[in-house]
Every structure is written in structure tokens, then in C-alpha cells.
Amino acid sequence: MLKHISIVMIVIMLVFTSSTVIAQGMAGESKHQGRMPFGKWWQNPAAIEKLSLTQEEVYTLDAAFNSRARKFMELKHAIELEQFEMNGIMEGKTLDESALMAQFNKLESARANLSRERFQYYVQVRKILGPDRFQKIKAFRQRMLQQKKGAIKQGGK
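Going by our numbering, the sequence shown opens with residue 1, and the numbers climb by one from there.
Keep in mind the hints are simulated off the structure, nothing from the lab.
For clarity, every value in this text was computed on a predicted model and none was experimentally measured.
Where a beta carbon is used, it is the ideal one built from N, C-alpha and C, also for glycine.
Accuracy of the hints is not assured; some may be wrong.
[To be verified] Simulated restraints, written as ranges between beta carbons of each label pair:
1. Thr-54 <-> Asn-105: 43 to 51 Å
2. Glu-97 <-> Gln-43: 25 to 33 Å
3. Lys-71 <-> Asn-105: 15 to 23 Å
4. Met-101 <-> Ala-139: 28 to 36 Å
5. Glu-56 <-> Leu-100: 15 to 23 Å
6. Ala-102 <-> Lys-76: 19 to 27 Å
7. Ala-63 <-> Asn-113: 15 to 23 Å
8. Ala-69 <-> Leu-95: 36 to 44 Å
9. Gly-88 <-> Phe-134: 41 to 49 Å
10. Phe-119 <-> Gln-55: 22 to 30 Å
11. Lys-149 <-> Asp-62: 29 to 37 Å
12. Met-73 <-> Ile-152: 43 to 51 Å
[Unchecked claim] Derived DSS-like pairs: lysine-lysine, alpha-carbon spacing no greater than 30 Å straight-line:
13. Lys-71 <-> Lys-40
14. Lys-153 <-> Lys-136
15. Lys-153 <-> Lys-76
16. Lys-40 <-> Lys-149
17. Lys-149 <-> Lys-50
18. Lys-50 <-> Lys-148
All chains, please: the whole structure from these sequences, using the hints.
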């Protein structure tokens, strides 16, 4: 189960980090220019043009994001609370292992809830874009990651 959750979390992190990379790369701008708030790459004019997004699709992507934004915040807050509780148990004078494991399970459950919500959002975005544009984003993301790796290697020499 934990392996499954870990894999889903990795996929989700890649999706959300790629949103910023896509927004920056498609704009052809520097690291700090053209950044979309909260990864709203579909509002970037260059992304709209390269992916041939219609105004209706931009609106639908906005609506999908906005309908989940509050839920994302609530779920992140729930994780922070569960982490805080677990830290309190861990740092206590005596260690109650069963309470610690129970709290750990609550924390993992909270993380899984956020992961599930993010994945559902990811699927919703995939439905809006369709297979061809989804593949364009994947290919673009891979190019950007390769460029980033190359820049890191050059900077490390």
C-alpha cells in the first residue's frame, strides 16, 4: 500500500512541478518571468498558442483548478496538523509506540487523501486536453528536464 501511495505521490509531484516548467519554457522567458500563480500554465499566452487551447478550454481548466483549490488547502492543512500531533508524541518524555503508530497512520491517511485529490485533478486536466496535447506537454516536460540536467552538469564543472 505504501509503495502504491509513493508511486502516486511521485507522479503527482512530477505533474505539478512540470506545470511551472511548462509555463516558463513555453514562454521562453527567464526563471522568474512568466511564472503562473499556482501552476496555472494554461493562462500563459505562449502555452495557449502552442497547445491551441480554446477560450472554453482555458475557462474549463480554470474552473477545474478553482473548484479544487480550497480542498487542496484543507488537505494540506490536515497533513500539517497530523504531522504536528505526531511530532508531539515523538518528542514526549515517554514514547508510546502504539499511539505513535496510530498517529503515523492518520498522517499517511491525510497524505493519501491529498494525493488522491491531486490525481483526480490530474485526470480531469488530461480529459480536457485530450491525448495529443497531453503528449505535447509530456514531451515538452522531458525536454525541459534534460535541459535542466545539462545546465546542472555544466554548473557543477
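What are the numbers of the hints the structure violates, in ascending order?
Hints 2, 4, 5, 12, 15 not satisfied by this model.
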